[in-house]
Amino acid sequence: MIAATGIDLRLGAADVLSGAQLCTRPGQVVGLIGPNGSGKSSLLRCLYGMLRPNRGAVLIDGEAIASMSQRSIARSVSVVTQDASADGIDISVGEFVLLGRHVHRGDHQGFTDDDRKAALEGLEMVDMAGFVERSLNHLSGGERQRVMIARCIAQQSPVILLDEPTNHLDVRYQHEVLTLVRRLKIDTIVVLHDLNLASRYCDHLVLLDYGTVVHQGRPDEVLRSDVLEPVYGIEVRRLADGQHSHLAFGPLAT
Amino acid sequence: MSLLEATDRATTTSSADWVGSRRSTLIALTLITVVSVIVAIGLGPVGVAPPTVLRIIGHHVFGLFEAENWARTDDAIIWEVRLPRVLLGAIVGSALGVVGVTLQAIVRNPLAEPYILGVSSGASTGAAAAILFGIGSGLGAESVSLMAFFGALGALALVLALARSTGRITPSRMLVAGVAVSYLLSAVTSLLILFAHSAEGARAVMFWLLGSLANADWSTLPIGYLGMGLGMVLVFWWRRRLDLLALGDETAMASGVDPGRTRLLLVIVVALCVGFAVSLSGGIGFVGLAAPHIARRVIGPIHRHLIPASAALGALMLVWADVAARMALQPRELPIGVVTGVVGAPVLVALVRKLNHSN
Chain Y
1 MIAATGIDLR
11 LGAADVLSGA
21 QLCTRPGQVV
31 GLIGPNGSGK
41 SSLLRCLYGM
51 LRPNRGAVLI
61 DGEAIASMSQ
71 RSIARSVSVV
81 TQDASADGID
91 ISVGEFVLLG
101 RHVHRGDHQG
111 FTDDDRKAAL
121 EGLEMVDMAG
131 FVERSLNHLS
141 GGERQRVMIA
151 RCIAQQSPVI
161 LLDEPTNHLD
171 VRYQHEVLTL
181 VRRLKIDTIV
191 VLHDLNLASR
201 YCDHLVLLDY
211 GTVVHQGRPD
221 EVLRSDVLEP
231 VYGIEVRRLA
241 DGQHSHLAFG
251 PLAT
Chain A
1 MSLLEATDRA
11 TTTSSADWVG
21 SRRSTLIALT
31 LITVVSVIVA
41 IGLGPVGVAP
51 PTVLRIIGHH
61 VFGLFEAENW
71 ARTDDAIIWE
81 VRLPRVLLGA
91 IVGSALGVVG
101 VTLQAIVRNP
111 LAEPYILGVS
121 SGASTGAAAA
131 ILFGIGSGLG
141 AESVSLMAFF
151 GALGALALVL
161 ALARSTGRIT
171 PSRMLVAGVA
181 VSYLLSAVTS
191 LLILFAHSAE
201 GARAVMFWLL
211 GSLANADWST
221 LPIGYLGMGL
231 GMVLVFWWRR
241 RLDLLALGDE
251 TAMASGVDPG
261 RTRLLLVIVV
271 ALCVGFAVSL
281 SGGIGFVGLA
291 APHIARRVIG
301 PIHRHLIPAS
311 AALGALMLVW
321 ADVAARMALQ
331 PRELPIGVVT
341 GVVGAPVLVA
351 LVRKLNHSN
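Protein chains in written order, with the working numbering: chain Y, 1 to 254; chain A, 1 to 359.
A few of these clues could be false.
Unchecked claim - FRET-style restraints, in silico, Cβ to Cβ:
| no. | chain 1 | residue 1 | chain 2 | residue 2 | range |
| --- | --- | --- | --- | --- | --- |
| 1 | Y | Gly12 | A | Ala161 | 39 to 45 angstroms |
| 2 | Y | Asp90 | A | Leu329 | 46 to 52 angstroms |
| 3 | A | Ala161 | Y | Asp90 | 47 to 53 angstroms |
| 4 | Y | Asp113 | A | Ser172 | 37 to 43 angstroms |
| 5 | A | Ile38 | Y | Asp90 | 31 to 37 angstroms |
| 6 | Y | Gly6 | A | Leu139 | 36 to 42 angstroms |
| 7 | Y | Gln156 | A | Leu265 | 44 to 50 angstroms |
| 8 | A | Val233 | Y | Asp90 | 55 to 61 angstroms |
| 9 | Y | Arg172 | A | Ala161 | 29 to 35 angstroms |
| 10 | Y | Asp113 | A | Gly229 | 51 to 57 angstroms |
Claimed, not checked - Residues of chain Y clear of chain A, computed beta-carbon distances all greater than 12 angstroms:
| no. | residue |
| --- | --- |
| 11 | Arg25 |
| 12 | Asp61 |
| 13 | Asp107 |
| 14 | Gly110 |
| 15 | Gly141 |
| 16 | Val213 |
| 17 | Glu235 |
In case anyone wonders, no lab produced these hints; they're calculated from the structure. Ideal Cβ placement from N, Cα and C applies to all residues, glycine included.
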């Protein structure tokens, strides 16, 4: 369980977060949504120590991460980051996932067969076990994101954070990746741009605006035009289509 | 592929296949390096056959063989001159290779090389001050080396102070600080040469700037091996952190590695290594850039393979470059930096092109 309370974050002259709070929910997928620059990714980065808030605390099972080593933070929280592109590095899928085991081994220790097993299991869970020897650079965007998730699984942390995992993916892979995330049944926080994806794959939504949580609750409680319109500054309509409802944005053609 | 099929494939793929034991490649590289060292000791203006080289070494180290079996001059050349020289080349070459790998990972730039931190410029300034103005002559017989070493540490302190001015050390800030300090200290060295009005001193400094293994002797070799050896062991200790740093700061952080702190630790280790290398053999260029590149092509990007492979390749390159330096224009000797540049650049370009095609 990870919980952030009263987070203020200043980057340079900008107040990025003011009094933001966020926590995981057991076995659920929590979606972090909001307009560009609302502080979604920054808040996520505070949760694993990448950014240090100026005020407020992040607690993992009640312990403040400010007093924890990075290694022990990473044992509790794994992250699908935005930077793990491995551009120009010809690393194999297997070796990449294996690096998720670093938190469980001292610097001097080599990886053991247990580590290799955990890495393979991670890859099996995302249907990528056949790709162990392939170069990470030669995968499609969707395959690559699944490998990123496999690395988190291999890390065996009780919480997974995902920073815009559907960026640059076409619709099929967006759904594939988020279906996979749901299937894991691990406490998850995911930053999402696409509100329709958030509506479909999250159990709970947290809406950020100007670094403050302005609304949170079940998707149908948050994704309402009276909540979203003031935040996004655009007309929002809800279109029902049998069992799912969809959001449409902008002035509709008359 | 269904999950079942995937599981099936996974179990038939034994771990040894994909974890990629590169043991045979590493053993081959090590053997080639050892053989090269022995052959290189025999090569020079006076040639000595490898069996004799081995016997002379065996005689001095283990008291084996009778000393009458070879010429006295051969003994002196091998034991007093060539062996320390080749051994210095081997350790400096390995250290430059390992430092190159380390820097390329921590600044995430394939063009990083040992001198990018301004450390060699600092060493040069220190050495120039000692050679031209006798500064630090109170330090004893090795005052030039010691001044070079202090110059290197001073440059590092300056780079770190500039790179850290706003908190964390980031790759780009470190690169800019290193380049700035390099230029500044090169200018200071040029000024020292200008003000010294000594043609001989200027030549000595120039020879030193281009690097040479000619000053190798048994008195300084152990400290060099100790310093650079320790540095390389530490880098290998942190091999996985290098893997993670190379993938990005967020990835490193998410995997339990604090990039800022790790970078600082590694930069200090690297600077010590370069300080030792430069103070014992001057500024030998190119090896630290080329060895990691070739190693990466041969053995892949994982640092537990890449570090030893770069060490072996760096040693190989420098040992052979030194053979060329002492044989090409004999009896005159070329600065080794000239050889590494002239021979190394085309070789690197050719290799990279060839391997790109075969991929």
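Going through the hints against the structure:
1. Between Gly12(Y) and Ala161(A), the C-beta spacing of about 21 angstroms breaks the proposed range 39 to 45 angstroms.
2. Between Asp90(Y) and Leu329(A) the Cβ separation comes to about 40 angstroms, which falls outside the hinted range of 46 to 52 angstroms.
3. The supplied range of 47 to 53 angstroms is broken by Ala161(A) and Asp90(Y), whose beta-carbon atoms lie about 36 angstroms from each other.
4. A C-beta distance of roughly 40 angstroms is found between Asp113(Y) and Ser172(A), which places it inside the suggested range of 37 to 43 angstroms.
5. Checked against the hint of 31 to 37 angstroms, the pair Ile38(A) and Asp90(Y) passes, with Cβ atoms roughly 34 angstroms apart.
6. Checked against the hint of 36 to 42 angstroms, the C-beta distance between Gly6(Y) and Leu139(A) comes to roughly 57 angstroms, which is inconsistent with it.
7. At about 27 angstroms, the beta-carbon gap between Gln156(Y) and Leu265(A) misses the expected band of 44 to 50 angstroms.
8. At about 26 angstroms, the CB distance of Val233(A) to Asp90(Y) disagrees with the hint of 55 to 61 angstroms.
9. Evaluation of the 29 to 35 angstroms hint for Arg172(Y) and Ala161(A) yields a failure: the beta carbon distance comes to about 51 angstroms.
10. Separation of Asp113(Y) from Gly229(A) is about 31 angstroms and departs from the stated range, judged on CB atoms against 51 to 57 angstroms.
11. No beta-carbon of chain A is positioned within 12 angstroms of the beta-carbon of Arg25(Y); the least distance is around 21 angstroms.
12. No Cβ of chain A approaches the Cβ of Asp61(Y) within 12 angstroms, the least distance being about 17 angstroms, so the stated non-interface status holds.
13. Its closest Cβ contact with chain A, about 6 angstroms, brings Asp107(Y) to no more than 12 angstroms, contrary to its assignment away from the interface.
14. At roughly 8 angstroms, the least C-beta separation between Gly110(Y) and chain A is not larger than 12 angstroms, which violates its mark as non-interface.
15. No beta-carbon of chain A comes within 12 angstroms of the beta-carbon of Gly141(Y); the shortest separation is about 17 angstroms.
16. Non-interface status of Val213(Y) relative to chain A is upheld: no Cβ of that chain comes within 12 angstroms, the nearest being about 23 angstroms off.
17. For Glu235(Y), the shortest C-beta to C-beta distance to chain A comes to about 35 angstroms, beyond the 12 angstroms cut-off, and the non-interface label holds.
Figure legend: structure checked against the earlier numbered hints; hints not met, in rising order: 1, 2, 3, 6, 7, 8, 9, 10, 13, 14.
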